[in-house]
Amino acid sequence: MLEVNGLKKHFPLTSGLFSKVVSHIKAVDGVDFTLQKGETLGLVGESGCGKTTVGRLIMRLYAPTAGDINFRPHGEEGAQYDLGALDNKALRPVRTHLQMIFQDPYTSLNPRKTILDIIGEPLRLNGMSRGSELEDRVVEMLRLVGLRPEYITRYPHAFSGGQRQRIGIARALILNPTLVIADEPVSALDVSVQAQILNLLKFLQRELDLTYLFIAHDLGVVKHISDRVAVMYVGKLVELAEADDLYRKPLHPYTEALLSAVHVAGPAHSQGERIVLEGEVADPSNPPSGCYFHPRCRYAQDRCHQETPELQNVAKDRYVACHFAEELDLAGAGTT
Amino acid sequence: MTVQPNDTLLEVKDLQTHFFMAEGVAKAVDSTTFSIGRGKVLGVVGESGCGKSVTARSIMRMVRPPGHTVDGEILYARAAETGPTTSVDLLQLPATGAEMRSIRGGEISMIFQEPRASLSPVHRIGDQITENILLHQPVSPAEAEDIATDMLQQVHIPLPEQRMGAFAHQLSGGMCQRVMIAMALSCHPNLLIADEPTTALDVTTEAQILELMQGLQADLNMAIMFITHDLGVVADMADEVAVMYLGKIVERGAAADIFRDPKHPYTIALLESLPRMDQKREWLQTIRGVVPDPYSTLSGCPFHPRCADFMPGVCDEIVPQPITLEDEREVRCLLYTEHATRETPPPAEEASHQ
Ligand SMILES: Nc1ncnc2c1ncn2[C@@H]1O[C@H](COP(=O)(O)OP(=O)(O)OP(=O)(O)O)[C@@H](O)[C@H]1O
Ligand SMILES: Nc1ncnc2c1ncn2[C@@H]1O[C@H](COP(=O)(O)OP(=O)(O)OP(=O)(O)O)[C@@H](O)[C@H]1O
Ligand code: SF4
Ligand code: SF4
Ligand SMILES: [Mg+2]
Ligand SMILES: [Mg+2]
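For the record, the sequence lines run as chains A and B. Using my numbering, the first residue of the first sequence is number 1, and each one after it goes up by one. Using my numbering, the first residue of the second sequence is number 1, and each one after it goes up by one.
Excised from the complex, chain A in its bound form:
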């Protein structure tokens, strides 16, 4: 349904009074993946590695520096859009299919509008319903995300952080989109409300055949919701696999480090060794030579300093970018 090829986004890094461009931040630097209809792809990776930028590129909130994004919405036989190449006008009919749940709920909600206006706006813009019909839909959405219908006339500032996040979710889901890019949709929610929202997302997926690109850093949540998981490091994918496989037996050393750092609640858990990543986060305007992960990789060898590993298909539905993926025996999570 969605096919992303060689996607890149470079932001200019300016300095000085005249904003001279000194270099580029390679926020997304060659990403490929596909999304099947009705599936959930989890996207994880270090803070600043480019996850949100990938989402915004698919939404076409940013224009890609390079690469293409092919989108085939269902319901329109044979229709195919190259999102990367379309201008704003040509994008308009596609936009109803695409929705994003933003990472920063507060800054994405208009402070001068009531919740009714905010959640109902996508409906109104598409002339889908009006008046009491619109209000009924909004009330229904509010209930689904666990907010009280009486709140409908309130403004965003009168809500708690987690309540605002759910307003963003209601707004994104009200149009029955085809593809939802959920950027940290449950990060501000306590476990019980989080469970309620995850159940809702799954339920809607069943009912409406929704497809999700689910960006999150909570690996427990990602495992629960995702069919497949992609791991990103400094603008590139380093591993892509079925969720269960990835957690049970990661093939990339960065994935192993991520899984080892998870906190587990309760004293009954014996935690395996936690791999603390030494060294600095790679600088996306001037990434290291060879494998970007080599300065922090505990398995790095000479070859890693020079040659950049490509994302390769190493087994059925398993992709990894590491020279030694097939030799290393890495530890998974939660299996001991």
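Read the hints as simulated data drawn from the structure, not as lab findings. Fair warning: this is a prediction, and the values are worked out from it, not measured in the lab. Misleading hints may appear alongside valid ones.
As the list claims (entries may be wrong) - Here are the simulated SDA-like pairs of lysine to any residue, each with C-alpha atoms no more than 20 Å apart in a straight line: (1) B:K27 - A:A85; (2) A:K113 - B:A22; (3) A:K8 - A:A85; (4) B:K27 - A:I152; (5) A:K113 - B:E23; (6) A:K37 - A:K8; (7) A:K8 - A:T308; (8) B:K27 - A:A158; (9) A:K20 - B:G165; (10) A:K316 - A:K8.
Unchecked claim - Label-pair ranges, simulated between beta-carbon atoms: (11) B:G165 - A:S289: 24 to 34 Å; (12) B:G165 - A:E310: 54 to 64 Å; (13) B:T324 - A:H157: 58 to 68 Å; (14) B:H169 - A:R95: 19 to 29 Å; (15) A:N88 - B:G165: 26 to 36 Å; (16) B:A340 - A:E150: 26 to 36 Å; (17) B:H68 - A:S289: 52 to 62 Å; (18) A:G131 - B:V70: 53 to 63 Å; (19) B:P138 - A:E135: 41 to 51 Å; (20) A:N126 - B:S35: 52 to 62 Å; (21) A:H24 - B:V70: 51 to 61 Å; (22) A:S23 - B:P65: 39 to 49 Å.
Ideal Cβ placement from N, Cα and C applies to all residues, glycine included.
With chain A's structure known, arrange chain B with the ligands on it following the hints.
Frame of chain A, contents of chain B with the ligands only:
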């Protein structure tokens, strides 16, 4: 003066912060009592909307109308430059007066939930951090800038010198959060109020940031009020845990005890709804119902419509008061009182969260 390891830094008594809205009065914080020892970490957990952030903002004296702190005391043990530590009731200070301004952001600083919204969109982040340092520390602007750059480095922001000149919209969500953390830590507070400080961070960055906080806690004897919904982080960081429900603390005690043996039915339910990496469950457990509206006045125990151990005729009539159990655990639940209709309180279900 010698600093005793266990002396109290902040004592909150019967705090009540209400929002006066057209629809009625929302009792966001309703009679909350707790204390934090110098150098200790108090974890605060509870369902979305239960009043955690409003409690934190009340301590910072940053509640804005229509919200007002209508009652209570917030006693802060303020170390004078010379002479003994004096106890100041922050609620008695004018919120915008000189004394409160020198405490806020300096001695007591806060990492706000929703970092991007708390940073100014029109000022460079370097200027924002530097300004706060100049306000609270006797340093020159150049020194302040060095401290700021160093703090950005410590929160693992790549290219800190260049990023000093960036605006918030040019940073990722997790970077904004780390800028906020750098700002809060730059003045070496006695008390750090961290409101969901790691929600936007991946696990490895989170581990680095928690380590940084723990380092400062040890080196500077900094106390932390750690608001989070991540029970794993609480288990790792906190000495004590307070569980909030509808503006009240329903359970409080040593972190290890609460995880081993939760007493309040709400705490038990909270631990049960965790998604887990070692199990495959189709649907996650939720606590049935939703947090009631803070306007509503429920009779009896505020948790009773959702409680698995609800005792008809008891829980919907008697308001539970905090009681102290054996291991200095405080709970607000009638199961542990003479009103209990059952012989024994339910065994805290060990199996449920293993
Ligand atoms: N509008 C922009 N202008 C300049 N740089 C940007 C812009 N948006 C993002 N960046 C940079 O691109 C990189 C990737 O940012 P992105 O928001 O995609 O990260 P992320 O993976 O979503 O991180 P997080 O988990 O912290 O949200 C960062 O270095 C960020 O500073
Ligand atoms: N400015 C305001 N006006 C009216 N009501 C408010 C305002 N700010 C907060 N509230 C209400 O007070 C209650 C407590 O909010 P608070 O932000 O403390 O929740 P929280 O525990 O921090 O939740 P979360 O985990 O979602 O951040 C909520 O029900 C919220 O709707
Ligand atoms: S290619 Fe080398 S440095 Fe990169 S992840 Fe594999 S072993 Fe580590
Ligand atoms: S007092 Fe009753 S309703 Fe409230 S938590 Fe205890 S058992 Fe449940
Ligand atoms: Mg992001
Ligand atoms: Mg909050």
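Hints the structure violates: just list their numbers, smallest first. 1, 6, 10, 12, 13, 18 and 19
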